[in-house]
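Residue numbers (the numbering used here), protein chains in the order written: chain U, 1359 to 1692; chain R, 1359 to 1692; chain S, 1359 to 1692; chain H, 1359 to 1692.
Hints were generated in silico from the structure; no laboratory data involved. Any given hint could be a false lead.
To be verified - If you only want the chain H side, here are some residues facing chain U, beta carbon under 7 angstroms, derived: (1) 1490; (2) 1609; (3) 1610; (4) 1616; (5) 1621; (6) 1622.
All residues carry an ideal CB built from backbone N, CA and C; glycine is no exception.
Number of protein chains: 4
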Amino acid sequence: MGNAPKVALIGAGRMGQVHGRNAAGSPRFDLVSVVDAHAETAAALAAELGCAVAGQDEVLADPTIAAVLVATSTSTHLDVVLAALAAGKAVFCEKPLDLDLGRLRAHAAELSAPPAPLYVAFNKRFDPNFRALKPRIAAGEIGALESLTLISHDPAPPPPAFIPTSGGLFRDFSIHDFDMARWLLDEQPAELFAWASCLVDPAIAAAGDVDTARIVLRCASGKLCVISNTRRSGYGYDQRAEAYGSKGAILLGDERISTLETWTEAGALAAPIHPGFQARYAASYRAELDHFADVLAGTAPPLTAYAESVGASALAEAAARSIATGAPVRLAEA
Amino acid sequence: MGNAPKVALIGAGRMGQVHGRNAAGSPRFDLVSVVDAHAETAAALAAELGCAVAGQDEVLADPTIAAVLVATSTSTHLDVVLAALAAGKAVFCEKPLDLDLGRLRAHAAELSAPPAPLYVAFNKRFDPNFRALKPRIAAGEIGALESLTLISHDPAPPPPAFIPTSGGLFRDFSIHDFDMARWLLDEQPAELFAWASCLVDPAIAAAGDVDTARIVLRCASGKLCVISNTRRSGYGYDQRAEAYGSKGAILLGDERISTLETWTEAGALAAPIHPGFQARYAASYRAELDHFADVLAGTAPPLTAYAESVGASALAEAAARSIATGAPVRLAEA
Amino acid sequence: MGNAPKVALIGAGRMGQVHGRNAAGSPRFDLVSVVDAHAETAAALAAELGCAVAGQDEVLADPTIAAVLVATSTSTHLDVVLAALAAGKAVFCEKPLDLDLGRLRAHAAELSAPPAPLYVAFNKRFDPNFRALKPRIAAGEIGALESLTLISHDPAPPPPAFIPTSGGLFRDFSIHDFDMARWLLDEQPAELFAWASCLVDPAIAAAGDVDTARIVLRCASGKLCVISNTRRSGYGYDQRAEAYGSKGAILLGDERISTLETWTEAGALAAPIHPGFQARYAASYRAELDHFADVLAGTAPPLTAYAESVGASALAEAAARSIATGAPVRLAEA
Amino acid sequence: MGNAPKVALIGAGRMGQVHGRNAAGSPRFDLVSVVDAHAETAAALAAELGCAVAGQDEVLADPTIAAVLVATSTSTHLDVVLAALAAGKAVFCEKPLDLDLGRLRAHAAELSAPPAPLYVAFNKRFDPNFRALKPRIAAGEIGALESLTLISHDPAPPPPAFIPTSGGLFRDFSIHDFDMARWLLDEQPAELFAWASCLVDPAIAAAGDVDTARIVLRCASGKLCVISNTRRSGYGYDQRAEAYGSKGAILLGDERISTLETWTEAGALAAPIHPGFQARYAASYRAELDHFADVLAGTAPPLTAYAESVGASALAEAAARSIATGAPVRLAEA
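Next comes chain U alone, as it looks inside the complex (with noise of 0.2 angstroms):
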């Protein structure tokens, strides 16, 4: 591995243990370092992934690290960024950029042409299931695509103390569909409305957001789409989608965790589904971190960055003015 890029991770929770073991056990990175504000963390991580545990100054300022991996809380991933673009390292970074458009905005000239490559981390493009789905539409397969199911429901809500700095379901949780269906509907909605509902935990009311919710969104062309969401679905992390064309459909179902089926009297059981996103989305996690080392080789664009976030946010938004108002939401041209 004496060829590969050096790279520091940023941020040692949930998400930056999962990219930064992908990275440690990827031949196309050498991990040297491991960031985290609480050093416990930080010291537990970089053990395990035998690296060093660093400052963020620090790893800026170090000539020889290429690349940093961005998963800190969202609310500073923006910051975080920003600095590491400044000082030259090539940078991926767990979505969203950041939970609030405007600022994103604010610095549209920096990220849209930023002086070295800046992926944002719409991990769900990289999953085999939904990486064979876009082409398949594109080629025609299906005729001209005609309209869209996105379902993604949760196993089980998060803890409400994690809701108010969440941004929202929209901004934390339903951003995925809406990159998910910029990309699949190949063209930019033109309206969107949304209903929502709180019928999974009154604390998250409280909270001020809600749970459960179906999105329309309508694109100029006539196409349409619509997004399920709940934070708990009962019966593991459903994933799926479901695109209908002039011609057929094509439907995109959810991976079970064997292909066991038990047969009694009561029917046939087939295995569960994946209980969590880890294991659902293991390969895309992996596949976006490939494709991280395909940028800083230079084979290959970053798929997703400033431009599809904003693209994403912008449905998060309008969905949560909907909501607000409710009323569609006309979007504003790209």
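Given the coordinates of chain U, assemble chains R, S and H onto it according to the supplied hints.
Just chains R, S and H, lined up with the frame of chain U:
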């Protein structure tokens, strides 16, 4: 069959043939005559079913005839039904009772407390799959119901000439889903929002109608429901439902024309779903007629009558209004 | 139904009731009488079906009766059939024609060129799934057929008292699979090997029979076929087939009682398969009777008659011999 | 990886590459050298994996090397294993240990109580699906196991030149199923019967081998097992199992390359199954190597070693004998 009640069929078109054949094949009815404005149509069906041709007045005046099956063109349903009820005949009426909600309500008194039993044929309630779904939701098998998805996609659009007389997508087609939504949600929706496009056939747009729609319903309790409709699926007659609750979900899938799967290097090809409503809902048409036999025997009240017709039609009106205004529509208390 | 041929049902037990109800419900038959050795059994079914009770001699002597449906106990099938044919009646005989291959062959002349049409009810050939499978194999959809798997698993064993009169697992139960194998392989098997155990109920062993078997057939061309039988599956009435060819495979799966799936943390529970043959093969019983109507009308020869009975019985005999000798059995040229 | 045991790979062909890459990618091994009779093959793989090329004697003489991974051509497995064990190296040996059962038994003493741990790579035991199946049968989830079906169908036949060196279908191919049968039945089969044909490629027959087989096993308890093998399925790499018990069944299905389904008027096309063993069993190859790390660490005994090799090979011998004699073969007590 000596004791079976004598019934007459009024309307020998597509649905009249379905109900007429089922009545002739059931030991619980003695189908004695067929009425149709077109003498040849009436004669052909009467010959096939081994019964007489008659006029409507003759049938209504015949004291030995206990009931009529009304399957005339939609615009005449209400007049025929009112005349038949006035003549003391029990009535089985193909849905909808009328396309005009105002007209329906104007006859609320006669229709909600009719002098003879009135059954309005929302046949999907008698489909074995939907019929199995309802009690399982009601029994709490998935906890509290939180959201519902109803999918009704036609295989191919009707001839353009049908559109102007159809009442439009919502009154003609979505009406079944509106009834299903009310039945399965077990709560009258409080608000409705709809977006629709014309993507299938420009002739439909030229006739002032739409062919592809997504409709969202919201109940006072917060329950959400999405209805997905298209006039042309490209893959058959798609009739599905998804009920999401606090403890899991129940999904109602499509029946297939056989259980064969062909395995090749391209994948595993399961048999097609039914190509149209006749095959898909054959069992439901028989079952609803059997229900009507129970109604005639006095052992069951009609499962769907005036109130259900008004409830479903009110949602269809609201959908049309939502499209016209681009805004959600609040539904009056039932 | 004035022109439908008059038929009589001989035998009003379990299968007699199935065929009697289907005949009474079909416009292509005029079921006029029911015969059964037990007067009460005959009377009950005759009352239900609205026809007369009669004696067998009376029926065979009645020149207005065109055909008889024979569903007596198996040991009497052949005598009744021979008498009916001698009386010039067309015969629909529940399978098997006789349990004793030698006896069957002794009547080869009368049975293979009978004075009136003889149909032996191998109903699985009329099941919509198996009926769809056959022409697809024949059309070369999977290239040349190379091997075949047939699975017939009963939900629960019969009462032990039935076993001694049954003819044993192979003549009573596997006989359907032997007929299927001959039909689908489109080649008379040249050799057979069987192993069987008694694992379900020791009373079956005490009666000298087995309840769990695997039978292998080999054709002169090298085609192989495995038959899997058990008297008790624990999960319903399992009826599947797998056809493997040079270019792929076709699998025939089980029908389920509904299309509902329940999704919980335990997995996705599909509805049970049918609990027994009556529900599973209801359509095939109607279809074979319809075929018999065609036979009576002279528009089709009987699909299965003496030759097919002898062919299937020869395999049953060979299976019994293989179990007895512990060795493969070579089949005589047909 | 400073503490990981040093290992060498002997054999850099197809399976050697699989195991070598897994060892190089695992933090639990320090792969230091690659041995292969063909210098270029060794050099290419060593370069890829960042380790040295070495000779076998050199490796066995190196006291710092704790273990060897043996993936040479089958005919040399046993000699290499015996030499490595004699040198005190722990051994991971690609299956089978040897094609000749007599030779294996001649070395029973050294192999059954080896001086260093010996693991023989029956990788299917480490597939997540098969690994989930075993404990569920053992836990009585389907009551007492009564019969078992194992299906292993290759996508396409090997080059004809491979056949004469392969040991034949049973020793080369069915060997995995024989191990599975022994493991899942949890009882050494008492008798075996096999029929096989050459239907795929006449060159296989010309080489004295068969390509399509059905093998039946019978245990003393009466349990039955059928193995279905073909060298060419026409639809991918088919690896299924069906376990039938007194209270139900568990079916192990094929993994598919994605969860996409395409719906058209032709039906619903699910994604293909894996095209070959590399993709299908990738996880099992990693898992068995991880198991070998446990063996080296002293935390687990080898799951499969000499006894399992002899057990599976004895069934392969019996199958070959059954084909030769046309009769069932009784197996010696293990």
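Now for the hints, and whether the structure bears them out:
1. Annotation: residue 1490 of chain H was flagged as interfacial toward chain U, and the flag holds, the nearest CB pair being 5 angstroms apart, inside 7 angstroms.
2. Restraint check, residue 1609 of chain H versus chain U: the minimum CB separation of about 5 angstroms is within 7 angstroms; hint holds.
3. At about 6 angstroms, the closest approach between the beta carbon of residue 1610 of chain H and any beta carbon in chain U falls short of 7 angstroms, and the interface hint on this residue holds.
4. Because the smallest distance between the Cβ of residue 1616 of chain H and any Cβ of chain U comes to about 5 angstroms, under 7 angstroms, the interface hint for this residue holds.
5. Interface restraint check for residue 1621 of chain H: the shortest CB-CB distance to chain U comes to about 4 angstroms, inside 7 angstroms, so the restraint holds.
6. Interface restraint check: residue 1622 of chain H against chain U, minimum CB-CB distance 4 angstroms, threshold 7 angstroms, status holds.
Checked against the numbered hints given earlier, the structure satisfies every one of them.
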